[in-house]
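Enquirer: Since chain A is already given, all that's left is putting chain B on it; use the hints.
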Amino acid sequence: KQEVTQIPAALSVPEGENLVLNCSFTDSAIYNLQWFRQDPGKGLTSLLLIQSSQREQTSGRLNASLDKSSGRSTLYIAASQPGDSATYLCAVLTGANNLFFGTGTRLTVIP
Amino acid sequence: KAGVTQTPRYLIKTRGQQVTLSCSPISGHRSVSWYQQTPGQGLQFLFEYFSETQRNKGNFPGRFSGRQFSNSRSEMNVSTLELGDSALYLCASSPVRGGPYEQYFGPGTRLTVT
Chain A
1 KQEVTQIPAA LSVPEGENLV LNCSFTDSAI YNLQWFRQDP GKGLTSLLLI QSSQREQTSG
61 RLNASLDKSS GRSTLYIAAS QPGDSATYLC AVLTGANNLF FGTGTRLTVI P
Chain B
1 KAGVTQTPRY LIKTRGQQVT LSCSPISGHR SVSWYQQTPG QGLQFLFEYF SETQRNKGNF
61 PGRFSGRQFS NSRSEMNVST LELGDSALYL CASSPVRGGP YEQYFGPGTR LTVT
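So the protein sequences, as listed, match chains A and B.
Quick note on this note's numbering: the first sequence kicks off at 1 and runs consecutively.
Quick note on this note's numbering: the second sequence kicks off at 1 and runs consecutively.
For reference, chain A alone in the conformation it holds in the complex (with noise of 0.2 Å):
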């Protein structure tokens, strides 16, 4: 069974800073990985996305990599702000298309 995993579970950071989040998930057979914003009480807005045949994606100052041989991917934000502080959830999608989520890392920017 598909295991995703986010380290660090938290994570707090002055406002400017670059910083980088990890997902580990266990099985490869993956179609794609999502990166998904969630703010508190609210749904999930979906950040990036990468086919199982990419390497990286970016979309402004986010950029996300995937290593599907050894299960991993990084969402990597540039120059913080307190705008960016959520919970940033990882997923993948199977061939059953459902998506298994990661825990995720909550982020905060500090001013």
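Please note that the accuracy of each hint is not assured.
[As the list claims (entries may be wrong)] No more than 25 Å apart at the CA atoms, straight line, and that leaves these computed lysine-lysine pairs for PhoX-like:
(1) 42/A - 13/B
(2) 68/A - 1/A
(3) 1/A - 57/B
[Unchecked claim] Short derived list, chain B residues pointing at chain A, Cβ under 10 Å:
(4) 4
(5) 45
(6) 105
(7) 107
Because the hints were derived from the structure by calculation, they are not lab data.
Every residue, glycine too, gets a C-beta built ideally from N, C-alpha and C.
Expert: Only chain B this time, still in chain A's reference frame:
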């Protein structure tokens, strides 16, 4: 293009009652999946519907059921509510099953069981 919509946004029910939640996918999307989010278990897959058929089901009791209509709108039903059913219920839509497509999530329905 309008996003995924879920109604109602908030619900308070009593133990033993049943509840129906609704999800309208993005226009043209045919796959709808449901997820339950709780502080203890995180996000867990409930089931997926495609072309009005349940294609996949997560590890939840039979009290949780769903259906999909010809316009791709989906409903999920929980019967005989338990306190542990209190959660944020999220639905997601994608154009087809699997493959290179993003899953787009709605804002969720917050269910509180008292």
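Enquirer: Can residue 4/B be said to touch chain A, with a Cβ gap under 10 Å?
Expert: holds (8 Å)
Enquirer: Under 10 Å, Cβ to Cβ, is where residue 45/B needs to be relative to chain A, so tell me if that hint holds or is violated.
Expert: holds (4 Å)
Enquirer: Please work out if residue 42/A and residue 13/B have their alpha carbons no farther apart than 25 Å.
Expert: At roughly 20 Å apart (the allowed maximum being 25 Å), residue 13/B and residue 42/A satisfy the hint.
Enquirer: Do the alpha carbons of residue 68/A and residue 1/A lie within 25 Å of each other, as the hint requires?
Expert: holds (16 Å)
Enquirer: Have a go at the residue 107/B hint: is there a Cβ in chain A nearer than 10 Å to its own Cβ?
Expert: holds (4 Å)
Enquirer: So if I understand the rule, the pair passes when the alpha-carbon distance is 25 Å or less; does residue 1/A with residue 57/B pass?
Expert: Between residue 1/A and residue 57/B the Cα gap is close to 14 Å, so the pair holds against 25 Å.
Enquirer: Does residue 105/B meet its interface restraint, that is, does its C-beta lie within less than 10 Å of any C-beta in chain A?
Expert: holds (4 Å)
Violated hints for the displayed structure: none, as all numbered hints are satisfied.
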